[in-house]
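Colleague: The lines below spell out each chain.
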Amino acid sequence: MVIRRIHTKINRIDDAELIMLKKRVDMATLVIITFIALLIARLWFLQIHKGEEYEQQSLDNRVREQQIAAPRGNLYDRHDRLMVANRPCFNVVWMRDDAPHPEEVLRRLAKILDVDINILLDRIRTGSELAHYVPIRLQEDIDWKTLVYIENHRFSLPGVRIEVRPTRNYLYGDLSSHMIGYLGEISKRELQEREDGLYYQGGDQIGKTGIEKRYEEELRGEKGRSLVEVDVHNFEQQRLEIQEPLPGNDLQLTIDVDLQQVAENSLLDQAGAVVAMEVETGRLLVLASSPSLPLSEWLGGISTDAWQKLLTNPFKPLINKPIQGAYAPGSTYKIITAMAALSEGVVTPETVFYCSGSMNFGNRNYGCWKRRGHGAITLRRALAESCDVYFYLAGQKVGVDGLARYAESFGLGALTGIELEQERSGLVPTSEWKKRKHQEAWQEGETLSVAIGQGFNTTTPLQICRMTAATANGGLLFRPQIIQEIRDPDGKVLRAFQPIAEGRILGGKRALQLITDGLVAAVNDKNGTGEQAKLDGVTVAGKTGTAQVVHLSHHRHLPEEEIPYKFRDHAWFTCFAPAEKPEIAVTVLVEHGRHGGSTAAPIARAILERYFRGPVGEETGGGPRTHYSSGSDL
Amino acid sequence: MWRFDRRLLLNFDWVMLLTVLLIAVMGLLNLYSASHAARAYGTPVYLKQLYFFIIGFGLIFAIISVDYRLLLNWNYFFYVTVIVLLLVALFLGKSIAGTQRWIDLGFFRLQPSELAKLVLVISLASYYDRKDTGKGFTLKELMVPAALMGVPFLLILKQPDLGTALMLSFVFISMTLFVKLRLSTLAVLGGGCAAIIPLGWLFFLKPYQRRRIETFLNPEGDPHNSGYHIIQSKIAVGSGQNFGKGYLQGTQGQLDFLPERHTDFAFSIWAEEWGFVGSLVFLVCYFFLILWGLNIVTTSRDKFGVIMAFGIVSLIFWQAFINLAMVLGLLPVVGMPLPLFSYGGSSLMTTMIGIGILMSIRMRRYKAPV
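Quick mapping for you: the protein sequence lines, in order, are chains A and B.
Just so it is clear: in the first sequence, position 326 is 340 by this note's numbering, and no numbers are missing.
Just so it is clear: in the second sequence, position 369 is 387 by this note's numbering, and no numbers are missing.
Fair warning: there could be bad hints in the mix.
To be verified - Heads up, incomplete: computed chain B residues facing chain A, CB under 8 Å, no partners named:
no.: 1; residue: Gln267
no.: 2; residue: Thr269
no.: 3; residue: Gly293
To be clear, the hints were calculated from the coordinates, so they are not data collected in a lab.
Each residue gets a CB set at the ideal place from its N, CA and C atoms; glycine is no exception.
Bound-form chain A, shown alone:
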């Protein structure tokens, strides 16, 4: 009880101490007010002074912008037949934020998609640099069965979602695949280096080759975007705003799907190229490269296997042969030699050379393809029967640099300016070129090889086609065009492409007429080399060619069938028709096809037949389809 008494004793406060304590309470009040002022100042700073900044940050927190891919513009052929359009594509994507048990879900997903789980894990690893809310694509373009299965099991597959975006629909399969080009996911380099890189984000599809690449800006359209409010777990709360995407502009190509199909079907199983050009405009009706590319395999990202196959295929499908393949022009070059010889006055139509089957020059023997010889021969027959000795002699008289001037005036050795990437210019050799390149003087014997289109000469099929068109149209060199019109999605024409004449050949109309006579004879005369291109009712003028792959071959002594594929000669045929009023020039190259007359000429004939006669049994069949062969409809 003692303790209790002491503790309950109340200490009354004396006045002196009270005053002292009150003074300290005043001090405490001052401290507290100072601290309150500090808090209010801070509030003012955050809410008033920096308020807008934080408002923006809170917006960034909760509002996600999702891009909506725009459908790419359609591609039409010259008769407005739809070639390339769009279709919906269903992709399986992975949302990292929604996936509480990634391993188990991914294991099940791998089974559903029938892929190795490591492929999925790789994709996620590659995508992990993206912002955490950006979906990572696991598998593209799944089929309906898989789609339905995943949709039905969505609740047991947290983290897995289905994304729909437009993708390419190739209505004619792989037709014109090189010209159209394939799409692919934009690469890091493209993202950084493109001037309009900001338009894109990782995962976007972009044209990688061909027209898809060249006209990417026209075709891609304008992305839409949707603003979605999300919570901290990135669960969508509500859609705030949506901007629908705008489809890209449509392109009307100059290509004629019918002719293109004939060309590609004829080339089937052979490596080669076909080019058909309107002689009066430079517009291409056919631009075919064989083998074609499996365009749709790129849509989901091409598999390593498929890519390897393309790389190792001996037919080299990745090369767009009409513009990227450079071949010796072979005897098609005799058009140039003939033009040079006529124009330089070293021969006249009446000039007679004697072909014994070969000629000696220096210490070498230069053979004619016809070992028995052509006997006494003039220009017309030399062209028709492709006599080598005639052109050795004619070319020798003109000289290599003279030949080069004419070749260049026909557009050889230079880019044609077609709007496709990686076109090759080929080579027109000159004595100066050889000195520069090989530090050697030009040997006159080499002129002989050049005169018949062998030796250092290289040309692309497109160049030969343009050369043929210039021969046909009186000497004008047009830029090859593949696009006719660009139209907005409503069909309004935004840009119509006009023919562009880029130059005129050296040599006059008279010479051209003489050469044309020779070319007509080549197809129509009894001994003509291009006999297989002959068409009833339409006069075809053409020239065969054989491009030697190896100069002094070890295999020449072998029977043709036993020469290994890669050492066999390339077969050329180039022609135009009708000879009286030319409309179309067709050039065919069959790699290692050996003889232009037997391999290449029938393909050219098939195209001409289709062009002039139309499809067999179809209503539009019949008379010449001249209505679109002139540029006057523009």
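Assemble chain B onto chain A, guided by the hints.
Modeller: This is chain B only, laid out in the frame that chain A set:
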């Protein structure tokens, strides 16, 4: 003691009661906003807090009907009880998020460290009441009150709960300064503290505590982990701007960007939804309560009442200040509720008891000592 005194009723502190009620209403409204969207199991937190408030007001009325001077008899009992509870929490208690703070009573999870704050105030007040403070305390004389503070301080630090432990030392320092120290003592202690802080940094702080302070100094250096709280809280407060986003319209809170928003970061929600103007109204109410408490200190007639009232006011003030400074990004993140405003039964009960004691002191300001 139980005699009815008419003066008690006349002196009833309506101002304090109404202010507390006003803050309680604001707090409950805010808790509703902070938690109504969450699909948690059981009773929603705003309802639980409402029940705690009802119990709390009951406690106030129970406390004011008893003379606070009775606490002088009971303070050792309270002190020993709290130490035992802290030991129980430490060794037998429920572990949440790596800390041993709670004793699970089934219907209620008691956090004895909250009670320890108030018990320390009572114990120190009764100690200083008995000591003559005319000349100020010497270092030696401070040994006993320091030990009174030190035991619960270490037990709470061990949980670990740095915020509450620091709060004990803040209250101890405030009360000790209030009863006067010798200048020499002050100088020695000041020098000692300056020496201890770096040592404490190296030896006493847990890595996560050190990280919190580091990220406070540079929150953008670690935006996804420790800095996240500070950044999100600043965004919430700042984006409130002048008039706020509107009640229940705060995106930072409603969309879950702000963690701990019904406990320590409750004021962020308020500031986001009511803006600068609403925050000012709240701060005025809140600090009116504290200044009114200081006023009670000066009206008390006995030394125990004066010191205890000052201790309670300093307890509420320091918690409020540290909490608000933390929410506004002025101080590092320490676990520190805003009294009466943050969700938490133990904290609310403790604060309501403290308010009850303050009201009791005020009601008995004219009463002659026994």
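Colleague: Just pull the numbers of the violated hints for me, sorted ascending.
Modeller: Those not satisfied come down to hint 1.
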